[in-house]
Structure formats: structure tokens, C-alpha cells
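Same order as they appear, the protein sequences are chains C and B.
Residues 2 to 142 in our numbering are what the first sequence spells out, letter by letter.
Residues 40 to 378 in our numbering are what the second sequence spells out, letter by letter.
In case anyone wonders, no lab produced these hints; they're calculated from the structure.
Among the hints, a few may not be true.
Mimicking BS3-like on lysine-lysine, the simulated pairs with C-alpha atoms at most 27 Å apart in a straight line are [said to hold, decoys possible]:
(1) B:K299 / C:K139
(2) B:K316 / B:K247
(3) C:K140 / B:K213
(4) B:K355 / C:K120
(5) C:K94 / B:K213
(6) C:K50 / C:K61
(7) C:K61 / C:K139
In this text, all values refer to a predicted model and were calculated from it rather than measured experimentally.
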Amino acid sequence: MQDRPTSVELLEAAADFVDRELVPTIEGARQFQARVVANVMRIVAREIKMEDPLVRSEVKALARLLGRDAPHLHSLDDLHTAAASMGEELTAKIRAGEADGGGWRGEVLAVVRQTVEDKLRIANPRYLESDTAIRNTKKET
Amino acid sequence: MERIEPGEMVRRLTDFIRSEGGFDSVAIENLRRMPGGASREIWSFECAMERGGETSRRAMVLRRDPGAHNIATNRRHEFLVIRAAFEERVPVPEVFWCSEDPAVLGSAFFIMERIDGETLARRLLRDDTYARAREVMPAQLAEILAKIHRIDPVKHRLDFLAEPGDNAALTEVKRYEQNFRLLALEPHPAFELAFRWLLERVPKTPRKTLVHGDYRIGNVIFGPEGVRSILDWELAHLGDPMEDVGWMCVRAWRFGNDRKPVGGLGEREDFFRAYEKASGTAVDREAARFWEVFGNLRWGIITISQARTHIDGFVKSVELASIGRRTAETELELLNLIE
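If we strip away everything but chain C, and leave its shape as in the complex, we get:
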């Protein structure tokens, strides 16, 4: 067990330094690259915090969609492997036209949307928030 600061605290400290101390002192292409570096560190920090529950629920949702019991897995590696192989099964079914229409299409769309939104919760939460806000105003009008 490592001492504090945690990995997330270390990453956030490094990203804050880049954003607040480094970015204002440089210009042009290098400034842009530095912003990218800070953003990448924040992505990794969110991934460390949130990935475990998200990939567990993805595996559960994919198993249900494919009509089978959710596997009991513990390690993140096993969960990744399961999500990837069930993802391949799902894409094969979509390519075969099984989700072109009918009741299953709705279930597929819901699971795929959930998975994509979960990726954005880590990669770009602001994009997801703005998307949700726009869709809500569209629904109201």
C-alpha cells in the first residue's frame, strides 16, 4: 500500500501545475500541447476514480442484452476482456442486421448509449453535460 497522496491526488496536482503555472508562460503550438497534457492527466484521474463500477455495469448490461447470466469477475483485466468479447458479439449481430428493427433495437440503442455516455464521463464530462442540456431543450420544444 502506497502512502498519500493517492495516484489521483498526484495527477491532479500535476495537471493544476500545467494549467495554472505553465500554460500562461508559453504561447502558440506549445501552449496548446500543454493544455492537452493537462487534459490527458485529468482523464486518467477520472478513469482511476470511476472505471471499476462503470466497466462492471457495462459487462452486466452486455450479458443481459446477449441473453445470458452476467459472469462473476473480480479483476479489472477480466472485466475488460469480458466487455471486449461481448462487444464483438454485439457488433457481429448488428452487422448481421439483427438490430435493424424490432424490439431488440431499442434495447441495443439503450445499452450502446449508456456505454458511450460512460466513456464520456471519463473522457469529456463537459461534452456529455452540454449534449444532455441540448437534448432536454429539444424535448421541451
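With chain C fixed as given, assemble chain B onto it according to the hints.
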């Protein structure tokens, strides 16, 4: 690629322009590399030319292939397309000379007039300086696009442009599907759903025209008064003109200004009507939607390809690497469009 020192580059460039342009003497000043241009190097310089006692001076830009980059485009073809556009009074830089001989500057390049102005789309969408430009640009971009689609490839001998066959839309979908299958490292069910959606709705393409291929606000030089020049013609091809219309509406080119679908500047219907008025041809709304969905999918596949460039080690770059995590943005937009 041969490494050329700046002093040597000035000497070789001077010789090249003197012999190509038939000048008695040429002097190059202020040669400097411009920022940006991930896939092409951009150099800026001033050129003083003298012939038979008469002197002239132009601000110029050189666009050069990076040596090791393996992108299947061709500098001479891009040069010839821009020249055709210039002759048809599309706002583009005047192009001067082109060379594919690696002995000159190490790799293929061409030289054109430098147009001053801004290219950063975020400034266009946010700065007060560009309030007027924001108002006039959607209609300007529609009119310019109509003009591009009227360029006659036969008259301008653009016979090297890829011929899309009987169905331009299907050809493009198949081409990008093939790229996707080669490049993707994970399953992308949202993209699979989008491919199915597109294949069910392939439009017939009654018009076959020159297509710019990368028509978006990021490829425009603008000033406070509006459009000054259209850039980056390397993806020009023959196809369905609605491809350019749909690509203008792709979400990534709104740069966060998502309530205005056309480049973060305007509404689709206003853009379509301005195009119809300028071109005298109707915009098939379903075809435009097909190409918008295709455009988002195409950008999504490009994000995968840029991440692969880093992952496979061709170009190690934190920027390219981070683009791999933007694929989910296009997946969400595709779901919004096809649900």
C-alpha cells in the same frame, strides 16, 4: 528525408523560383515555419523578383510534404485544383509553382500567395472582432460552395481526380468501412449501427461534381468582414456535392457552439436555402442528412486513425494520442442522429 538547413533552403528556393519564373534575380526574406499544419509543413516568406529591370514583391507560402508521412495525397493535384478554383473566382490563394522533385527541397511542395487573416475557428465563434463575420459567413460559405461545385473538371483537365463510379455515396461508405475494419482496436457498436443506417439510406446522386472534401470553418481564412480564402484542397475529388454540405454540419466543426449546427454559425435550413439560391439546384434534405451522418462517422474513424498513428509509433504525439479518447464524442452524436 534529407535534412536541409535554413540557409541552404533559402538558396535552393531562390534558385527554384528564379528558374521557374524566368526571373533575372530573386531575393527571399523572412523564411519561417508557421505553426500548425500537422500533415503538411507550412513556410512563410517574402519574395522580391526582378525581370528586365522591373521588380515585384509578394508575400508567399510554401506547403511541403513532411518526409516520412504516408498520406496518399498529391501536391501537384492539390496545386492544379486550387489553380482551377482561382480561375473560376473562388476565393483561394493564387498558386505559383509546384515541384515533386525531391532534389529541390527534399519532398514535394508548392508555392502560393499568402493571404493574411485568422484561421482559428474558436476566435471566429467567440471574439467580438468577428461579430460581423459570424453574421455573413453562413451565406458566403453557401455561395462559395455553389461556385466550387460549378467548376468543370473537364475544362480544367482535372482528370486525375478519383472517379467514384455509379454511386458516389456507396463508394465512400464502403471505403470508410474498410478503413474502420483495418484500424479499430475495440468494438464500436455505435459505428456499426451508423453503418447499417447509412447502407439503408444510400442516396442516388444525380449530380456528380468537384467536391472539396474538407469544407469546414477550420479550413477558412477570415477577417472581421468575413471569408477571405478557402484552404486545404488535398481531399478534393469527384462525387456528390451534398457530401460537402453534410460535412459542414458535422458536430466537431461547431467547436462547442452546438446550438448552431452549421459550423457553430447558423441553422441548416438557412444554409441549404442560401446554397439553393446560389446554385440553382435543390438540396435534397434526406441526402444532406445522410452526408451529415456519414461526416460524423468519417470524423470518428479519423480520430481512431490519428490515435493509431501514435499507438503504432509512426508519430509519437500527446495530441494524436488524446484524440483517441474523442471517438466517443462522435459515437454520441451518431446515436443522437440515428435513434
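Ascending list of hint numbers which this structure does not respect: Failing hints, ascending: 3 and 7.
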